[in-house]
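Going down the list, the protein sequences come from chains G and R. Heads up: the first sequence begins at 848 in our numbering, then just goes up one per residue. Heads up: the second sequence begins at 199 in our numbering, then just goes up one per residue.
Calculated from the structure, these hints are not laboratory results. All values derive from a computational prediction rather than experimental measurement. Careful: at least some of the hints might be erroneous.
[What the hints assert, rightly or not] DSS-like, lysine-lysine: derived pairs with alpha carbons at most 25 Å apart: (1) Lys228/R / Lys451/R; (2) Lys1005/G / Lys394/R; (3) Lys1005/G / Lys420/R; (4) Lys1080/G / Lys1145/G; (5) Lys1145/G / Lys420/R; (6) Lys1212/G / Lys1103/G; (7) Lys1080/G / Lys1103/G.
[Claimed, not checked] Computed far set for chain G versus chain R, every beta-carbon distance over 10 Å: (8) Ser867; (9) Glu897; (10) Ala933.
[Said to hold, decoys possible] Label-pair ranges, simulated between beta-carbon atoms: (11) Glu416/R / Glu1252/G: 43 to 51 Å; (12) Gly405/R / Ala1159/G: 49 to 57 Å; (13) Pro1198/G / Ala440/R: 42 to 50 Å.
Built from N, CA and C at the ideal position, the CB exists for glycine as well.
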Amino acid sequence: MPHAHPALIHALRGLLPPESVLTDQEDLRPFECDGLSVYRQLPLAVVLPETIEQVQRIMRLCHARQVPVVARGAGTGLSGGALPLANGVLLSLAKFKNILHIDPANALATVQPGVRNAAISQAAAAYGLYYAPDPSSQIACTIGGNVAENSGGVHCLKYGLTVHNILMLKVVTAEGELLSIGAETLDAPGYDLLALMTGSEGMLGIIVEVTVKLLAIPERAQVVLAAFDDVVKAGEAVGAIISAGIIPAGLEMMDKLAIRAAEDFVHAGYPREAEAILLCELDGTHAEVSEYIMLVRKILTGCGATEVRTAADEAERQLFWQGRKSAFPAVGRISPDYYCMDGTIPRRHLPHVLRRISELSEEYKLPVANVFHAGDGNLHPLILFDANQPGELQRTEELGRRILELCVEVGGTITGEHGVGIEKIDAMCSQFRSAELTQFHAVKAAFDPSGLLNPGKAVPTLHRCAEFGAMHVHHGQLAHPELERF
Amino acid sequence: MSDLSSVLQQQVLDAYNHGTALAITGSGSKSFLGHAVAGQLMAVTGHRGIVEYDPRELVLTARSGTPLEEIEAALAEANQMLAFEPPHFGDAATLGGTIACGLSGPRRPYSGSARDFVLGCRMLNGRGELLRFGGQVMKNVAGYDVSRLMAGSYGTLGVLLDISLKVLPRPMASTTVVRECSATEAITGMSTLLGKPLPVDGACYHGEQLHIRLSGSEQAVKEARMKIPGEVQADADAFWQALREQQLPFFQKNDFPKSGTLYRVMVKPATPALNIAGSWLLDWGSAQRWLYSSEDAVTIRRRAEAVGGHVTVFRGGTASEIFQPLPAALMAMHQRIKASFDPNNIFNRGRLYPNL
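Full structure from sequences and hints, please.
Set out below in structure tokens:
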């Protein structure tokens, strides 16, 4: 609807101060992509509201004119969830950056969606409290985006995902209505819409306020680094620690390529010759941590670790973690481009999945570095490639898709924490059948009947799946034989 | 051990085609909760058995009709547990009913709720379609989180077939410290503990006694015990179980209406004692408060709402709204969600809200 643009923009200008409606190409450019920069698109306009009422007015206007809206936090997402639409408005929540209220007596905080993840813990520290989910991008990513993606982090084995650590949301619907979802109490009457909203990737509503649960900062945290000459042994050690009744605060694994890249980048003191390392963090009271460290060291040695090292002090602990948290940029230094996957598998299939990934890596002639949240089976294989080589991006995406199909095959999922966005929209066709996708669309329609919120993301249409050719065949019959296939 | 998925599916298909109301039923241990449901009985107790359990994965998958006792016995053998300590409210309580009602026991504020531990499910929607959401892994953000939405929906959205849950190791040690104090002191004491790095996993105030349970490694419990004033409680396990199952003497006055109604009052934990006549028991670190009172639900709700709380009529009583009424816009959203799963409105009509 090309004729609608000037009128729409004029109307948006009527709702917001002039500097909060961007339409010039150069102003729109910073919003053309999120953390997955292979997908880029300029929106019609970017709006930067700063009050809930402004968000409501924008949504009412866009609803009246049937203009799609994509919400955006800090834009650190890795699946293209905040990719703008050419015919849509991009709604940035960057101006919602106030911590509204910290309530230490009830261990909760109410914040605006544009508050950075790490800023919540910084503010709560004065009361001995913190916000547990810690995605690697926590210094930049915002809580609104965390809720939209149900972000995890290295500590979610013990402390859970975003969905486990929030209490209440204020949400503006596609029609501009303000809803309160959840409660400051531990549960809320009615359906658990908080669970539905968390991880819904901007498809169900615009999050304008978040109440999070805070936890007491543990007395002590300590990390043990173990080196292995075999990835399979490292995988077995993970199972052995958990079988012993220990839930580490974090349990991370890196393979040789990732270890070397990280070591060369931040000099974390990782053993360069190891085939795999495990980082196992224990937290709790002083005595508890000492007790667990002894147990864990014994288990790791028993599982054939070639070296087991406990961080000597807090500085070394930070350094061990910095290596892990810098793994992505470290791989970025040794390859012109890399593509990060995010499958999750039942842990017992780790050896098989690793072997298959390495076979696929050879088949596609593209190196793969592996970084895992090993405790919860969340894999981040990083495919190294060069986008300037003709055909390499395509080959990379195909290899990525094969890896995700492998995860689904062993009973896992195509995305553990990065979201579907636009990136894994076709992979959704291998994880879900048409009846499930139809149910997702029906849920979406219950919130957003006109389909104006982030359309085209997260859940593929049946048509798209048919086109993609991955529609599941059951008992020799296609689920929807009436659909056209290409 | 039997898989009745296709039998149940046929039952739903028939009901869908004829618009027959179905009353989904497990053992009936929680049938006292919510509004009574009229409709053709749909028994799921025959659909039972643990489908998969590998202690190393911390994941258990079982059919919805599996008795909770059977699941807890299997977990105990591997020294693991359902960390949300579900109340059974009956010997034959099933997993499906437990998740559908979304109830959790004393550990809830410290470990998480029933819904927090749901990882995935297989279910039948109101069109008789067999759907699978979530999975058997800890982290999964593909698609909307329908399996957690099922928790606490009282069977109004679908029939749960299989449920995958995250399970946890049992704590290596546990001890309960008890002391006498006033309600005000107890509320402050329990909410102050939220800000302390101590391994608390239960806190209850009952009959002028404050009970604090500590669980974790031997050392952690020993160390923490020194920081909590009071005596070590001798019969602690029995106490927490009786609390969970509402078998403490406090709960044994179900002579309705003479005894008053049992209300579940949810508030922020630091909320001072509410000025409502009746007898109180504070669980969940004073975030979940049980009240026997002869005051009417409307008055009690008004008091709770004023401090950001909500109220369920748990046992007895004649209130027309058992669960806290929802604002109109939210109720409309609930109705649309219900219709998206159950377009012919066949499942557990009115169990949660009369118009849902």
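Hints, one by one, checked against the model:
1. About 18 Å separates the Cα atoms of Lys228/R and Lys451/R, which keeps this hinted pair within 25 Å; it holds.
2. For the proposed pair Lys1005/G and Lys394/R, the alpha carbon gap of about 17 Å is at most 25 Å, so the pair holds.
3. For the given pair, Lys1005/G sits about 22 Å from Lys420/R by alpha-carbon distance, which is consistent with the 25 Å threshold.
4. Of the pairs offered as hints, the one joining Lys1080/G and Lys1145/G holds, with about 14 Å between alpha carbons and a cut-off of 25 Å not exceeded.
5. Pair hint Lys1145/G plus Lys420/R holds up; C-alpha atoms about 23 Å apart against a cutoff of 25 Å.
6. A distance of roughly 18 Å separates the Cα atoms of Lys1212/G and Lys1103/G; the hinted pair therefore holds under the 25 Å criterion.
7. With a CA separation close to 14 Å, the supplied pair Lys1080/G and Lys1103/G stays within the 25 Å bound.
8. At roughly 27 Å from the closest C-beta of chain R, the C-beta of Ser867/G stays outside 10 Å, upholding its exclusion from the interface.
9. With a cut of 10 Å on Cβ distances, Glu897/G stays outside the contact zone with chain R, its closest approach being about 24 Å.
10. With a minimum CB-CB distance of about 26 Å to chain R, Ala933/G clears the 10 Å threshold, and the non-interface call stands.
11. In this structure the supplied range 43 to 51 Å holds for Glu416/R paired with Glu1252/G, their Cβ-Cβ distance being about 46 Å.
12. At roughly 51 Å, the beta carbons of Gly405/R and Ala1159/G sit within the given window of 49 to 57 Å.
13. Restraint check, Pro1198/G to Ala440/R: a C-beta distance of roughly 46 Å satisfies the suggested window 42 to 50 Å.
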